[in-house]
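Novice: What follows is the residue order along each chain.
2 protein chains.
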Amino acid sequence: MKRAHLLVVGLYLLSSCRAEEGLNFPTYDGKDRVVSLTERNFKQILKKYDLLCLYYHEPVSSDKVAQKQFQLKEIVLELVAQVLEHKDIGFVMVDAKKEAKLAKKLGFDEEGSLYVLKGDRTIEFDGEFAADVLVEFLLDLIEDPVEILNSKLEVQAFERIEDQIKLIGFFKSEDSEYYKAFEEAAEQFQPYIKFFATFDKGVAKKLSLKMNEVDFYEPFMDEPVAIPDKPYTEEELVEFVKEHQRPTLRRLRPEDMFETWEDDLNGIHIVAFAERNDPDGYEFLEILKHVARDNTNNPELSIVWIDPDDFPLLITYWEKTFKIDLFKPQIGVVNVTDADSVWMEIPDDDDLPTAEELEDWIEDVLSGKISTEDDDDGEEDDEDDDDDDDDDGNNSEEEENGDSDEDEE
Amino acid sequence: MKRAHLLVVGLYLLSSCRAEEGLNFPTYDGKDRVVSLTERNFKQILKKYDLLCLYYHEPVSSDKVAQKQFQLKEIVLELVAQVLEHKDIGFVMVDAKKEAKLAKKLGFDEEGSLYVLKGDRTIEFDGEFAADVLVEFLLDLIEDPVEILNSKLEVQAFERIEDQIKLIGFFKSEDSEYYKAFEEAAEQFQPYIKFFATFDKGVAKKLSLKMNEVDFYEPFMDEPVAIPDKPYTEEELVEFVKEHQRPTLRRLRPEDMFETWEDDLNGIHIVAFAERNDPDGYEFLEILKHVARDNTNNPELSIVWIDPDDFPLLITYWEKTFKIDLFKPQIGVVNVTDADSVWMEIPDDDDLPTAEELEDWIEDVLSGKISTEDDDDGEEDDEDDDDDDDDDGNNSEEEENGDSDEDEE
Numbered sequence: 001m002k003r004a005h006l007l008v009v010g011l012y013l014l015s016s017c018r019a020e021e022g023l024n025f026p027t028y029d030g031k032d033r034v035v036s037l038t039e040r041n042f043k044q045i046l047k048k049y050d051l052l053c054l055y056y057h058e059p060v061s062s063d064k065v066a067q068k069q070f071q072l073k074e075i076v077l078e079l080v081a082q083v084l085e086h087k088d089i090g091f092v093m094v095d096a097k098k099e100a101k102l103a104k105k106l107g108f109d110e111e112g113s114l115y116v117l118k119g120d121r122t123i124e125f126d127g128e129f130a131a132d133v134l135v136e137f138l139l140d141l142i143e144d145p146v147e148i149l150n151s152k153l154e155v156q157a158f159e160r161i162e163d164q165i166k167l168i169g170f171f172k173s174e175d176s177e178y179y180k181a182f183e184e185a186a187e188q189f190q191p192y193i194k195f196f197a198t199f200d201k202g203v204a205k206k207l208s209l210k211m212n213e214v215d216f217y218e219p220f221m222d223e224p225v226a227i228p229d230k231p232y233t234e235e236e237l238v239e240f241v242k243e244h245q246r247p248t249l250r251r252l253r254p255e256d257m258f259e260t261w262e263d264d265l266n267g268i269h270i271v272a273f274a275e276r277n278d279p280d281g282y283e284f285l286e287i288l289k290h291v292a293r294d295n296t297n298n299p300e301l302s303i304v305w306i307d308p309d310d311f312p313l314l315i316t317y318w319e320k321t322f323k324i325d326l327f328k329p330q331i332g333v334v335n336v337t338d339a340d341s342v343w344m345e346i347p348d349d350d351d352l353p354t355a356e357e358l359e360d361w362i363e364d365v366l367s368g369k370i371s372t373e374d375d376d377d378g379e380e381d382d383e384d385d386d387d388d389d390d391d392d393g394n395n396s397e398e399e400e401n402g403d404s405d406e407d408e409e
Numbered sequence: 001m002k003r004a005h006l007l008v009v010g011l012y013l014l015s016s017c018r019a020e021e022g023l024n025f026p027t028y029d030g031k032d033r034v035v036s037l038t039e040r041n042f043k044q045i046l047k048k049y050d051l052l053c054l055y056y057h058e059p060v061s062s063d064k065v066a067q068k069q070f071q072l073k074e075i076v077l078e079l080v081a082q083v084l085e086h087k088d089i090g091f092v093m094v095d096a097k098k099e100a101k102l103a104k105k106l107g108f109d110e111e112g113s114l115y116v117l118k119g120d121r122t123i124e125f126d127g128e129f130a131a132d133v134l135v136e137f138l139l140d141l142i143e144d145p146v147e148i149l150n151s152k153l154e155v156q157a158f159e160r161i162e163d164q165i166k167l168i169g170f171f172k173s174e175d176s177e178y179y180k181a182f183e184e185a186a187e188q189f190q191p192y193i194k195f196f197a198t199f200d201k202g203v204a205k206k207l208s209l210k211m212n213e214v215d216f217y218e219p220f221m222d223e224p225v226a227i228p229d230k231p232y233t234e235e236e237l238v239e240f241v242k243e244h245q246r247p248t249l250r251r252l253r254p255e256d257m258f259e260t261w262e263d264d265l266n267g268i269h270i271v272a273f274a275e276r277n278d279p280d281g282y283e284f285l286e287i288l289k290h291v292a293r294d295n296t297n298n299p300e301l302s303i304v305w306i307d308p309d310d311f312p313l314l315i316t317y318w319e320k321t322f323k324i325d326l327f328k329p330q331i332g333v334v335n336v337t338d339a340d341s342v343w344m345e346i347p348d349d350d351d352l353p354t355a356e357e358l359e360d361w362i363e364d365v366l367s368g369k370i371s372t373e374d375d376d377d378g379e380e381d382d383e384d385d386d387d388d389d390d391d392d393g394n395n396s397e398e399e400e401n402g403d404s405d406e407d408e409e
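Residue numbers (my numbering), protein chains in the order written: chain A, 1 to 409; chain B, 1 to 409.
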């Protein structure tokens with residue numbers, strides 16, 4: 001890792017010349033903390049840490065660009081290792097060629113992936129490879145897998161979480177065998193899915209939970225589903241969650257964005273952009289939630305909601321790739337193989353589509369009436385598309401040319 | 001900028017080897033986009049862009065560490081310039097020594113600062129020097145300075161914003177002279193303070209706004225303050241906001257964290273850590289809000305709330321510097337000169353202090369009864385501190401040694 005050091009010495013630097021203290025971003029100190037894993041040192045290293053973070057990489061090639069990309073990942077890992085130095089987490093690199101046997105033993109199959117070993121569990125990190133995202137991911141992994149609710153205010157906090165899957169169970173005490181099964185199940189999904197529990201009758205009553213019952217909350221749905229046939233074994237809980245893991249409306253999150261993106265339906269995603277902290281974005285998200293609630297039983301529908309605020313560096317890339325303006329809400333269909341896309345025409349952010357209009361549009365997407373291939377002939381000449389566009393409310397390449405029908409006539 | 005290129009070629013890289021398209025983080029392409037500003041090219045460059053982003057730096061020294069820090073800032077700026085290439089924003093460097101005359105003319109005084117020129121306004125960026133934070137800051141600056149509310153759902157979105165200052169005005173139309181004054185005032189605070197307006201009677205009624213009235217909302221307060229003596233000139237609005245800019249409870253935000261930190265009261269900050277998405281953190285924040293509402297008229301009180309989730313890379317730095325555990329809520333006093341600190345003893349996150357206990361503690365801080373200097377003698381030997389600690393509920397260096405009274409007896 002020698003070369004890498006000189007390059008960065010602190011990407012997250014820069015507050016050193018101030019008179020105040022208290023907000024000093026860490027700068028990489030140049031120490032080697034990430035080591036190469038071999039069959040020889042494997043057992044010893046594994047024993048040493050609660051958590052082992054492994055970067056499984058292809059052999060470093062002679063290609064300069066590839067080398068630089070590799071160095072950058074190394075630096076990100078070194079900085080993360082430094083920041084988490086006292087948290088009992090080990091960081092290693094596994095060379096896919098040199099350590100093929102070890103990798104096979106560990107079940108690693110995708111080069112360029114980051115895995116975490118915790119006890120006998122292997123967790124794949126499939127999110128943004130950035131120091132802050134990784135640090136948060138690892139800190140979440142060393143917390144307790146189940147969060148206990150004790151008070152009314154904590155129930156309020158629980159109820160406020162609407163943009164991700166959550167489960168809550170009511171048990172007699174921490175010693176209950178059913179709570180233990182729940183805890184074991186929670187570990188299988190940590191840190192991606194949040195598990196809560198209560199031992200308090202008042203809290204259970206507020207959440208309409210019976211003893212040993214576990215409720216499953218799909219994101220953005222008002223009512224939970226009680227998992228049937230309580231009490232449950234760990235396996236039953238795990239199976240239920242796996243079956244219900246793809247919600248009707250899901251938020252793209254930095255910590256598992258690539259996993260979500262890979263989980264497409266028939267090669268496409270219905271993608272909605274809405275900035276939650278913006279009035280128009282909030283309004284559009286409310287309409288989306290309404291549509292999701294109406295269609296929660298349709299297994300063919302899973303809308304990916306992206307809040308541009310979560311991905312500042314991708315905003316202009318998306319605007320260019322999808323030919324849309326992200327200062328206002330958007331919904332479209334994206335082909336995940338080539339990022340070809342078609343977007344619903346929203347002429348004005350003060351005139352957002354109604355839930356009904358959105359449902360009609362989604363129906364047209366699911367039936368194939370609206371498809372990313374529609375406009376591929378007419379890319380140079382939109383006038384030919386008029387009949388299609390008017391029917392479907394479609395708007396694909398038009399924005400780029402700035403000559404939509406409204407403007408011209 | 002030649003040297004810098006080779007170093008990074010993409011910090012935010014790494015999705016290039018995937019089969020899917022649609023989530024490609026930008027990688028720095030090596031092109032020079034950030035230019036050096038001189039008196040000669042100044043006017044021409046200024047004319048060329050809507051927004052000009054200037055990094056005012058001390059002369060690059062021969063010191064290697066300083067050079068590297070400078071290069072890293074350059075790379076961050078180059079990446080930001082690349083990402084925002086089509087947004088009509090210019091990026092320049094101003095050498096404090098070579099261009100001393102120009103810098104003086106521009107009113108730059110703090111080396112290492114980033115300034116943005118927009119029209120005849122100069123905005124200082126005093127936040128985290130990271131590409132994503134900067135991109136979001138600049139995108140916010142090119143949006144309209146006033147957000148218009150048109151519907152009930154948009155009012156809901158407006159009401160949900162509680163953690164920052166917001167203003168809203170009711171005007172006849174966009175052509176109203178009073179609206180124009182409001183808009184001009186908004187530009188003075190963009191993007192740090194959000195200004196909203198409505199031209200809709202229904203919206204105004206819902207918010208209890210009279211014609212030409214502007215309401216000022218302090219963060220976390222239920223009720224706004226109507227700015228007196230409507231209608232207002234731009235200057236009156238600006239003056240009012242400046243006078244009320246320091247709230248009783250404020251969130252530390254990446255985009256202006258250093259500015260907030262510099263705005264200490266008598267050299268100290270009362271700092272509260274609470275993770276909003278965690279039940280304990282949420283509960284603690286609710287208690288803090290209660291305290292803030294009770295004490296909103298005390299100009300001596302301004303609590304800085306930090307959500308650790310907003311600053312993953314600082315979590316372990318804070319834990320080490322302040323000797324606290326950030327998996328649970330904390331409140332303390334921090335001396336901003338040396339980061340010396342004293343923290344309230346919260347034995348268990350299931351037993352958070354009540355609002356009354358918190359108010360007593362804060363009173364002791366404001367009266368000087370609790371101070372960061374209290375424990376400085378006893379740093380090696382906490383047993384001597386017993387009498388103080390019991391009275392004040394203080395907990396400073398104890399955690400580090402792991403021998404608080406509770407544990408021992």
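Source of the hints: derived by calculation from the structure; they are not laboratory data. Some hints could be false.
Remember, identical chains collapse to one label, so a pair may be satisfied in a single copy or spanning two.
Think about it this way: if two alpha-carbon atoms lie no more than 20 Å apart in a straight line, the pair counts; the simulated SDA-like pairs of lysine to any residue are [stated by the list, open to error]:
{"hint": "1", "residue 1": "K180", "residue 2": "G267"}
{"hint": "2", "residue 1": "K97", "residue 2": "L141"}
{"hint": "3", "residue 1": "K64", "residue 2": "P26"}
{"hint": "4", "residue 1": "K180", "residue 2": "K328"}
{"hint": "5", "residue 1": "K68", "residue 2": "D263"}
{"hint": "6", "residue 1": "K87", "residue 2": "K328"}
{"hint": "7", "residue 1": "K323", "residue 2": "S208"}
{"hint": "8", "residue 1": "K73", "residue 2": "D29"}
{"hint": "9", "residue 1": "K206", "residue 2": "K242"}
{"hint": "10", "residue 1": "K31", "residue 2": "F199"}
{"hint": "11", "residue 1": "K152", "residue 2": "R276"}
{"hint": "12", "residue 1": "K47", "residue 2": "D215"}
{"hint": "13", "residue 1": "K328", "residue 2": "H244"}
{"hint": "14", "residue 1": "K118", "residue 2": "D140"}
{"hint": "15", "residue 1": "K201", "residue 2": "H86"}
{"hint": "16", "residue 1": "K180", "residue 2": "S61"}
{"hint": "17", "residue 1": "K87", "residue 2": "D325"}
{"hint": "18", "residue 1": "K48", "residue 2": "P59"}
{"hint": "19", "residue 1": "K201", "residue 2": "E85"}
{"hint": "20", "residue 1": "K206", "residue 2": "T233"}
{"hint": "21", "residue 1": "K73", "residue 2": "P26"}
{"hint": "22", "residue 1": "K180", "residue 2": "D307"}
{"hint": "23", "residue 1": "K31", "residue 2": "Y317"}
{"hint": "24", "residue 1": "K87", "residue 2": "T321"}
{"hint": "25", "residue 1": "K48", "residue 2": "N150"}
Novice: Hint by hint, note whether the structure agrees.
Specialist: Here is what the structure says about each hint:
Neither within a single protomer nor between protomers do K180 and G267 lie at most 20 Å apart by alpha-carbon distance, with minima of 39 Å and 49 Å respectively. With identical chains, the CA atoms of K97 and L141 are never at most 20 Å apart, being 29 Å at best within one copy and 49 Å at best between copies. For a Cα distance limit of 20 Å, the shortest separation of K64 from P26 across copies, 18 Å, qualifies, whereas the shortest one inside one copy, 28 Å, does not. In this homomeric assembly, K180 and K328 never come within 20 Å of each other (Cα to Cα): the closest approach is 47 Å inside a single copy and 23 Å across copies.
For the identical chains of this complex, K68 and D263 are neighbours neither inside a copy (30 Å) nor across copies (41 Å), given an alpha-carbon limit of 20 Å. Within a single copy, K87 and K328 get their C-alpha atoms only as close as 42 Å, which misses the 20 Å cut-off; across copies the closest is 16 Å, which meets it. For a Cα distance limit of 20 Å, the shortest separation of K323 from S208 qualifies neither inside one copy, at 47 Å, nor across copies, at 41 Å. Within a single copy, K73 and D29 get their C-alpha atoms as close as 16 Å, and across copies as close as 17 Å, so both meet the 20 Å cut-off.
In the homo-oligomer, the alpha carbons of K206 and K242 never lie at most 20 Å apart, since the shortest distance is 27 Å inside one protomer and 44 Å across protomers. Taking CA atoms no more than 20 Å apart as the test, K31 paired with F199 passes in neither setting, with 46 Å inside one copy and 60 Å between copies. Taking CA atoms no more than 20 Å apart as the test, K152 paired with R276 passes between copies only; the shortest distance there is 16 Å, against 26 Å inside one copy. When the C-alpha separation of K47 and D215 is checked against a cutoff of 20 Å, the pair qualifies neither within a copy, at 37 Å, nor between copies, at 61 Å.
Taking the shortest Cα distances, K328 and H244 never come within 20 Å of each other, neither inside one copy (31 Å) nor across copies (31 Å). Proximity of K118 and D140 under a CA criterion of 20 Å is satisfied intra-copy only: 12 Å inside one chain copy versus 41 Å between copies. In this assembly of identical chains, K201 and H86 lie within 20 Å of each other by CA distance neither inside one copy nor across copies; the values are 38 Å within and 58 Å between. Taking the shortest Cα distances, K180 and S61 never come within 20 Å of each other, neither inside one copy (47 Å) nor across copies (60 Å).
Proximity of K87 and D325 under a CA criterion of 20 Å is satisfied inter-copy only: 12 Å between copies versus 43 Å inside one chain copy. Proximity of K48 to P59 under the C-alpha cut-off of 20 Å is found in neither arrangement, the shortest distances being 26 Å within a copy and 47 Å between copies. In this assembly of identical chains, the alpha carbons of K201 and E85 never lie at most 20 Å apart, being 41 Å within a copy and 58 Å across copies at closest. For the homomeric pair K206 and T233, neither the shortest alpha-carbon distance inside one copy (25 Å) nor that between copies (51 Å) is at most 20 Å.
Taking the closest pair of Cα atoms, K73 and P26 come within 20 Å of each other both inside a single copy (17 Å) and across two copies (15 Å). For the homomeric pair K180 and D307, neither the shortest alpha-carbon distance inside one copy (36 Å) nor that between copies (31 Å) is at most 20 Å. Only between protomers do K31 and Y317 lie at most 20 Å apart by alpha-carbon distance; the minimum there is 17 Å, versus 35 Å within a single protomer. Within a single copy, K87 and T321 get their C-alpha atoms only as close as 40 Å, which misses the 20 Å cut-off; across copies the closest is 15 Å, which meets it.
In the homo-oligomer, the alpha carbons of K48 and N150 never lie at most 20 Å apart, since the shortest distance is 35 Å inside one protomer and 59 Å across protomers.
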